[in-house]
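Engineer: Chain by chain, the residues run as shown.
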Amino acid sequence: MAKYLLLKHYRGAPAAVNDVPMDQWTPEEISAHVQFMSDFADRLEGTGEFVDGQALAPEGTWVRYDGEGRPPVTDGPFAETKDLIAGWMVIDVDSHERAVELAGELSAAPGAGGKPIHEWLELRPFYGSSPTITE
Amino acid sequence: MTTQVNEVLLRSLTPSVLGILVRRGADFAAAEDAVQDALVEAVRAWPADPPRDPKGWLVTVAWRRFLDATRADTARRRREDLVDEQPAPGPAAAVDDTLQLYFLCAHPSLTASSAVALTLRAVGGLTTRQIAQAYLVPEATMAQRISRAKRTVSGVRFEQPGDVATVLRVLYLVFNEGYSGDVDLAAEAIRLTRQLAAAIDHPEVAGLLALMLLHHARRATRTAPDGRLIPLAEQDRGRWDTGSIAEGVEILQAALARDRLGEFQAQAAIAALHADAPTAEETDWVQIVEWYDELARLTDSPVVRLNRAVAVGEADGPRAGLAALAALDDALPRHTAVAAYLHERDDDLATAARLYAEAAHKAPNLAEREHLTRQAARLNAQRR
Numbered sequence: 001m002a003k004y005l006l007l008k009h010y011r012g013a014p015a016a017v018n019d020v021p022m023d024q025w026t027p028e029e030i031s032a033h034v035q036f037m038s039d040f041a042d043r044l045e046g047t048g049e050f051v052d053g054q055a056l057a058p059e060g061t062w063v064r065y066d067g068e069g070r071p072p073v074t075d076g077p078f079a080e081t082k083d084l085i086a087g088w089m090v091i092d093v094d095s096h097e098r099a100v101e102l103a104g105e106l107s108a109a110p111g112a113g114g115k116p117i118h119e120w121l122e123l124r125p126f127y128g129s130s131p132t133i134t135e
Numbered sequence: 136m137t138t139q140v141n142e143v144l145l146r147s148l149t150p151s152v153l154g155i156l157v158r159r160g161a162d163f164a165a166a167e168d169a170v171q172d173a174l175v176e177a178v179r180a181w182p183a184d185p186p187r188d189p190k191g192w193l194v195t196v197a198w199r200r201f202l203d204a205t206r207a208d209t210a211r212r213r214r215e216d217l218v219d220e221q222p223a224p225g226p227a228a229a230v231d232d233t234l235q236l237y238f239l240c241a242h243p244s245l246t247a248s249s250a251v252a253l254t255l256r257a258v259g260g261l262t263t264r265q266i267a268q269a270y271l272v273p274e275a276t277m278a279q280r281i282s283r284a285k286r287t288v289s290g291v292r293f294e295q296p297g298d299v300a301t302v303l304r305v306l307y308l309v310f311n312e313g314y315s316g317d318v319d320l321a322a323e324a325i326r327l328t329r330q331l332a333a334a335i336d337h338p339e340v341a342g343l344l345a346l347m348l349l350h351h352a353r354r355a356t357r358t359a360p361d362g363r364l365i366p367l368a369e370q371d372r373g374r375w376d377t378g379s380i381a382e383g384v385e386i387l388q389a390a391l392a393r394d395r396l397g398e399f400q401a402q403a404a405i406a407a408l409h410a411d412a413p414t415a416e417e418t419d420w421v422q423i424v425e426w427y428d429e430l431a432r433l434t435d436s437p438v439v440r441l442n443r444a445v446a447v448g449e450a451d452g453p454r455a456g457l458a459a460l461a462a463l464d465d466a467l468p469r470h471t472a473v474a475a476y477l478h479e480r481d482d483d484l485a486t487a488a489r490l491y492a493e494a495a496h497k498a499p500n501l502a503e504r505e506h507l508t509r510q511a512a513r514l515n516a517q518r519r
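For the protein sequence lines, the chains are G and S, in the order given. With this note's numbering applied, the first sequence has no gaps in its numbers, which climb one by one up to 135 at the end. With this note's numbering applied, the second sequence has no gaps in its numbers, which climb one by one up to 519 at the end.
If the Cβ cut is set under 7 Å, some of the chain S residues that face chain G in the computed set are:
| # | residue |
| --- | --- |
| 1 | Ala492 |
| 2 | Leu501 |
| 3 | Thr508 |
| 4 | Ala512 |
| 5 | Arg513 |
| 6 | Asn515 |
| 7 | Ala516 |
FYI, nobody ran anything at the bench for these hints, they're computed from the structure. Ideal Cβ positions, reconstructed from N, Cα and C, are used throughout, including at glycine.
Whenever a hint applies, use it, and build me the whole structure from the sequences.
Structural biologist: Shown next, in the form of structure tokens:
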């Protein structure tokens, strides 16, 4: 088994084929999309491959240490930040092929006109634990 | 006869059993662990062998567990003098113990999340796993949160009366926030508030109970089967729980009659006015604005003034609502959503659509984000 992180981006990913902002869809198209996402997670729970999934708010804050006894420095959000994560799903699957297959299905979520968005999703493997038997 | 243990009934005995152990001299943290063990044991043993006196059974088993745990702990050997003594019967009524436990679990030295977790476990009798599931954190994290909370309050004397407002804030949080799991947090909050109302005669406790009942009555109509939020005006009022509404209104009226108004009574009064309207159009917005004025006097909360602006928009028209809104800081959560709504009521659909999309961007949760995006989409589709 191997765990993969599926990342959805607000920005930073190449443009989707069906790239229309959601507020320009019809309400029915939004419903269909939300239903698809929910069904997808349910189905993966059913197959025993779902681990976790969360959506993130678009606006965050940058924070760094600013020395002993000083409060942390905060800044941002930065408009120039290229990569902005919208959400993730963690899956636990038997193979890389399966992970690719599932990411492809998720990218087919319906969008404007009820057609698949063809959105680029980023698939990142987790480092696994080191095996007991190595030779 | 069912062989299943009625878990809600079982859990309702938690605070009085725990109170008895503490009065017998057990320290709170150890007593709380022992009561949890006894609850687990009850679920296992009762179906085959139901006790005649469930509470007595729990006290006996919990006390035995407490003694075993204390004896096993060699570092605490010196306490054996205390625990080997024949326990005296609890000197005070169980009701007082229950009340003390609420105060202890909501102690001001605890953070809100710790107080919520401790209340659900020590007063509600829920397991750490159930609480962890309800708040989407790992069980080990929740176990640590609870044991740290127990350490924090370990020095608090059990007889110290607390401020009931701290308890109400914790119960309000349990009702209002939380995810899923196998525990219905809203129902649990109502049960705990009802139990508190039985232990203390206080109009704000009654006010909170009424508020919860009135909101709970609308729960089935607040979301569509696909999870979509349904705003109050569009809810199917025929499906509101009339029993829950009647009970909430009755409790509220009795509380208001005592003429000691507080924020929960005022909030419940607003909820009651909504519940009272057969259709959204028949809502008594003028009276609702008056209650928001009361509430603003009691709390001075910007969130109250934001909600008041919505009510003013309904009572005196969207322009009046926008004027009320203009006096508020536009960084307030949901300010943009309210502005969008009022502009739509004012037939400025282009501005409304733009503001709905902006509000969606700032939404505090996914359900609201989808709702607001849908509002923007609806107006954009109308304008095409």
